[in-house]
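Take the sequences, apply the hints, and build the full model.
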Amino acid sequence: MSMYIQPEYEVIRNEQRCINCRACERQCANEVHFFDPKTGKMNTDDAKCVNCHRCVCICPTHALKIVRSDDTYKVNANWSKQTINEVYKQADSGGVLLSSMGNPNPLVSFWDKMLINASQVTNPPIDPLREPMETQVCLGKRTAKIERDASGKLKNTLLPHLELKVPIMFSAMSYGSISYNAHASLARAAQELGTYYNTGEGGLHKDFYKYGKNTIVQVASGRFGVFKDYLENAAAIEIKMGQGAKPGIGGHLPGTKISSDVAETRMIPEGVDAISPAPHHDIYSIEDLRQLVYSLKETTSYKKPIIVKIAAVHNVAAIASGVARSGADIIAIDGYCGGTGAAPTRIRDNVGIPIELALAAVDQRLREEGIRDEISIVASGSVRSSSDVVKAIALGADACYIGTAALLAMGCHLCRACQQGKCNWGIATQRPDLVKRLNPETASKNLVNLVTAWDREIQEMMGGMGINSIEALRGNRLMLRGIGLTDTELKVLGIRYAGESI
Amino acid sequence: MLLREGEFRNPSGCAIAGVIDRSGQSMNGEQIIEAISVMHERSNGLGGGFAGYGIYPHFKDFYAFHLFYEGATAQEETETFIKRHFEIVYFSEIQTRKLPSIQNEPLIYRYFLAPLPQKLANSHLDEREYVARCVNRINAQIKGAYVFSSGKNMGIFKGVGYPEEIGRFYRLEEYEGYAWTSHGRYPTNTPGWWGGAHPFGLLDFSVVHNGEISSYDANRRYIEMFGYKCTLQTDTEVICYIIDYLVRKRGLTLEETAHVVAASFWETIATKDAQAREQETILRRMFPSLLITGPFSIIFGYEGGLMALNDRLKLRSMICAEKGDRAYISSEESAIRKIEPDLDRVWAPAGGEAVVFELYKKEGEQKK
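Protein chains in written order, with my numbering: chain D, 229 to 730; chain L, 1478 to 1845.
Since the hints were made in silico from the structure, they are not lab data.
Check the hints yourself; a few may be wrong.
As a list, the in silico DSS-like pairs of lysine-lysine whose alpha-carbon atoms are at most 27 Å apart [as the list claims (entries may be wrong)]:
| no. | chain 1 | residue 1 | chain 2 | residue 2 |
| --- | --- | --- | --- | --- |
| 1 | L | Lys-1838 | L | Lys-1537 |
| 2 | D | Lys-441 | L | Lys-1749 |
| 3 | L | Lys-1791 | D | Lys-393 |
| 4 | L | Lys-1726 | D | Lys-369 |
| 5 | D | Lys-381 | L | Lys-1726 |
| 6 | D | Lys-369 | D | Lys-381 |
| 7 | D | Lys-383 | L | Lys-1726 |
| 8 | D | Lys-525 | D | Lys-369 |
| 9 | L | Lys-1749 | D | Lys-383 |
| 10 | L | Lys-1560 | L | Lys-1706 |
| 11 | D | Lys-381 | L | Lys-1838 |
| 12 | D | Lys-381 | L | Lys-1839 |
| 13 | L | Lys-1749 | D | Lys-381 |
| 14 | L | Lys-1749 | D | Lys-373 |
| 15 | L | Lys-1706 | D | Lys-369 |
| 16 | D | Lys-434 | D | Lys-531 |
| 17 | L | Lys-1706 | D | Lys-719 |
| 18 | L | Lys-1749 | D | Lys-393 |
| 19 | L | Lys-1749 | D | Lys-369 |
| 20 | D | Lys-373 | L | Lys-1726 |
| 21 | D | Lys-438 | D | Lys-456 |
| 22 | L | Lys-1706 | D | Lys-373 |
This is the structure:
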């Protein structure tokens, strides 16, 4: 028996404002809205609504709103409505629950429990409008030897670095999970901003080779789209070992999203599910990772930094130490609030640890072992604002990846239904009629605006602290204080409590 | 109970002054006391100190350790340690003058030391590293003992009080040296511990510093990767370790060191000629975590020279001057004018511009 489940959201239409233009009907890929010829009015099927707000945004008379249903089961603090509904769904289908985007549960955000310092009296704040304020950063190894030529000048013994004009990059989102136009927008924005976007594991569409200087290509366990030109075209290569939203498992792109173009880019048959295995089957231990790092370096003549991306898990500090000794130049750590195009709900919501704690533990461990210079750290997994970036860098990150914030800038409304492939905003879909709704011209502008605005805010906060180079903020944990944290949390974060001088 | 220096972070405002006679002629300590006393208002009586170079000509081949002891036990323990690692050539209590304003002074001793050859050979360390590690061990492990000076033919003299009083307390008029630096401290907390006063020294390196650096914890957490332990939690300490690391351990020149700690802005580097651009870019990329931000002016003393350096925005006053063979550095020009009213040249170095004054090379050597 299939249990009827009351929809979570209701579409409310202001009948006086509605002019029956039927735009909502045309715009909704979920087919929520329909015209009822009998009454001559628009009607809705709330059960199909994912609350993506497309109709609300495009309605010319602002006649629509979406509210949370006040329907309730008998109130039970232990068995919430959602928990009960999930049991019904699984009893009905026998399937694994799937979700998209980051964990929506009310979790502790350590970003919100850290406060930033500012200069008063003993040390002057610096005004970024009047003085230079450096937010550019280089990522890669800094362990070069001092060598001099015959005239005594220093030789450049440094390995290749990535140069970022802002300490923010766009994190891995594959072509397939997101649309052609979404990729085009990210690539253009990365180029304009002087930073990098990341292809994810879906290969690189040949139209985007021209953005190679701003492209990080991923080599994931499925090896989709990996071949010589792909690697050679990139500025850096990222080995994806894990993802914060789904540590310990691979990926699954449903066949419905594998259009012919996606299939060609991924080098797989059209319409067939693309499944990445949980492990890399050539990496069962750390020494195997080293071999992959060096095969990629060999393949690209040691001209490109290699990034290793891992999910934040319990033993992250020791893992990072192993990665730092593997020859990798950069480590990307993705926290448990990170986004995804699709993940099993139970894994997304229960596996992994917060990026703030993982980052603090990794940075501290690498310093204790004296190998922090071996590797740069990129933090991700719910970096929501410029202040999160500042806090991440003060904890020890070299830069941050943003994914969800970038999608929001392009119009995503976080309805968390990416896995259905019917994104009304043209982002997480391959349906041509939906994809064309996303204009790369506008969306890339929005991305540039977002990152530029964050960069300005970062400069203001740095100036307030009397710091005029982001390099002097990195790992500068005295600039942070905790609030509402336990002693253990303070210890892991390596910061003091608000009000404590040192 | 008040915390001791090192148990909390203690930023402070200050006055600094330095003088060097590049021909190697000696000056007694009186001059530098006079200079720093002009800047009395920049200190608050909670710390003063001096470093003199060339002051122990009769023992110039031996490491001169100056120690504070809080009691006889600490002294006993330290001397046992010293004897295990060094030959003691000579030692005595440092002669001081009792002054009503200088109180709670610790026991203050001086030792001239030579590392035990066998011990040094077995350590597989270069001699200076061996000595530096011994200093760190005493300071970190022996309670109530603190080595505050450890170079050859130089010495640091410091304590809690106004600098001019500290100078008279140590009878600096009885010492003759070719270079002197001094420091008057305005801490924002009460240290009350003599070890916390400045200059801060390691081997023949000494640093006096005015400012509060905003990059402190970034610098500290980085430099501690290389065996340094920032026990005092002061800016001066971390700056001294950074210079020691770059100059002694990595082999950079003082100018290169300045391009690391007070690096030009990237936009400025972009405008420089190709060679300078390349060199400065390499340095910034190699040592980004040793960039020091926030206001500072420092005088770095070493065997044979002084270096003056400001932060790259020049957020602290610092003046240089020359008269004949003598060169002067000070927070305020008044302090220089007090001891040499008639100067050949006075200038304010730009932010991030290292000014180095060194002894003239002896005959046969290339003059710099």
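Hint check results:
| no. | hint | in the structure |
| --- | --- | --- |
| 1 | L:Lys-1838 / L:Lys-1537 | holds (18 Å) |
| 2 | D:Lys-441 / L:Lys-1749 | holds (25 Å) |
| 3 | L:Lys-1791 / D:Lys-393 | holds (25 Å) |
| 4 | L:Lys-1726 / D:Lys-369 | holds (19 Å) |
| 5 | D:Lys-381 / L:Lys-1726 | holds (18 Å) |
| 6 | D:Lys-369 / D:Lys-381 | holds (21 Å) |
| 7 | D:Lys-383 / L:Lys-1726 | holds (18 Å) |
| 8 | D:Lys-525 / D:Lys-369 | holds (14 Å) |
| 9 | L:Lys-1749 / D:Lys-383 | holds (18 Å) |
| 10 | L:Lys-1560 / L:Lys-1706 | holds (24 Å) |
| 11 | D:Lys-381 / L:Lys-1838 | holds (23 Å) |
| 12 | D:Lys-381 / L:Lys-1839 | holds (26 Å) |
| 13 | L:Lys-1749 / D:Lys-381 | holds (16 Å) |
| 14 | L:Lys-1749 / D:Lys-373 | holds (24 Å) |
| 15 | L:Lys-1706 / D:Lys-369 | holds (24 Å) |
| 16 | D:Lys-434 / D:Lys-531 | holds (21 Å) |
| 17 | L:Lys-1706 / D:Lys-719 | holds (19 Å) |
| 18 | L:Lys-1749 / D:Lys-393 | holds (20 Å) |
| 19 | L:Lys-1749 / D:Lys-369 | holds (25 Å) |
| 20 | D:Lys-373 / L:Lys-1726 | holds (12 Å) |
| 21 | D:Lys-438 / D:Lys-456 | holds (16 Å) |
| 22 | L:Lys-1706 / D:Lys-373 | holds (23 Å) |
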